Amino acid sequence: MPDNKSTHTPIAVGDGAAIPHKSDVGLFTAWRIAFFGSIVLCLFLAFGRPDQYMAIFMFVPDGIWVTFKVTLGAILLAIVFGLIAGLGRISGNRFINGTASLYVEVIRGIPLLVQLFYIYYALGRFIKIPDILSAIIAMAFCYGAYMAEIFRAGIQSIPKGQMEAALSLGMSRRQAMRQVILPQAFKVVLPPIGNEFIALLKDSSLVSILAVSDLLRRGREYASETFNYFETYTVIALIYLIMTLFFSKLISIMEERLNEGR
Amino acid sequence: MKVDNSPMIEVCGVSKFFGSFQALSDISFNVSDGEKVVIIGPSGSGKSTILRSINGLETIDRGRISVHGMDVSLPKTDICKVREEVGMVFQSFNLFPHKTVLENLTLAQTVVRKRSRKAAEEIAMGLLRKVNIAEKAHAYPAKLSGGQQQRVAIARSLAMNPKAILFDEPTSALDPEMIGEVLDVMKNLAREGMTMVVVTHEMGFAREVADRVIFMDHGKIVEEGTPEHFFTNPTHERAKLFLSQIL
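Line order of the protein sequences matches chains S and R. Those letters in the first sequence? Residues 2 to 263, per this note's numbering, in order. Those letters in the second sequence? Residues 132 to 378, per this note's numbering, in order.
Don't read these hints as lab results, they were simulated from the structure.
Which residues of chain R face chain S? A partial, calculated answer using Cβ under 10 Å:
id: 1; residue: Leu188
id: 2; residue: Val213
id: 3; residue: Val217
id: 4; residue: Gly218
id: 5; residue: Val220
id: 6; residue: Phe224
id: 7; residue: Phe227
id: 8; residue: Pro228
id: 9; residue: Leu238
id: 10; residue: Val242
id: 11; residue: Ala284
Keep in mind it's a predicted model, so treat the numbers as computed, not measured. We put the CB at the ideal spot given by N, CA and C, even for glycine.
Model the full assembly from the supplied sequences, consistent with the hints where possible.
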């Protein structure tokens, strides 16, 4: 991750795509080449070789929408899980702290793919919910554990004096957390959350092994009918690349805005 | 709840340990309504610790502290109620950086005192005028100098209408040329009759404002008396040595 000049302690999370920042000239140029290069390549394939590629481009957009829904749903739910577990990790209550820590440790110790199978089929035995919803819950449950550590680190990066000042004005711990600590912590955790979003976008391809018709699964369906494996997966890879590059750019713009704020 | 002639702050036989290190040993003193007490002493003598114990930012291991008739050390006491009555000003100001100066003053008023936004802003503006910084009401703390920030912090504490204010080395983090403006605000408060407990290295302030000076060393109260007695004729060798080093 490029070094951005944040006023707060940066939280290093080595996941997701590198988010381009203007200060990192090499990466910034690489982003342009990769992003516009893939778009040009897509256009070239679709219109230059329409007989092989046009059909693929017509077939997979449903999957893009599903991938996007899974990613967005999972990240929002993961933020909720992460915030709750992150607050639990700094709680003075031993039971709450223990439960949150156990969640984080157990989840981080099991591969995402195994968890997906587990939650998907385990959940399916007891309740009947749509496949896509159970995939979202499974992804969010896993990413929530990583998110919890981000929130914990973000909250702990706020100087102790902030809590003390709030308490000494008569606020309760809960009020101080809500009014003083969390608003400041959110600014600190936004970059790593953006990173998690990109990582989750890529990992969402794992839900294709469940019965969820995301981008990768649509590709597999197409390829197994037509046997055009090479062409199909070329298109799939390009679409994923364009999506991750697009979102990482969006996040870096948001981050810059935030730093300009004050 | 308060018995009329009982002291505003009562510290009685307080001891505190950090692990095996004894930070406070058997500290007792009272502060009555309207009194100004200055605590001085070398660093590590426990003066900040005792101050922070008064509003429950530190817990104590032995003894009793009561504020306005409420026993801080009892678990059943609502510590928030105590803190509503006792303001605190920190060495590092601790303004909320994500809020404007005005919002710094109105936050606790609306959240804790349940005042309306309008009423809180009126009180806030009055206090900002009082500490001479009304023109910065809509600025963020990062845009203010240290002296300005500390004056805002004092105003923020006053906005809760506290019965007493604790000052924890309020000028120690300031550039020398900004110390005066903060001390002036504090002197004004003293003149208006605010009950104050001040931990400071500003001997001039102690001399001018204090009703009583407490000198601490190694977690104990070594000497206690009027500033006149303390600065001209201290009884203990340790106090004499300390004064000869800083004056």
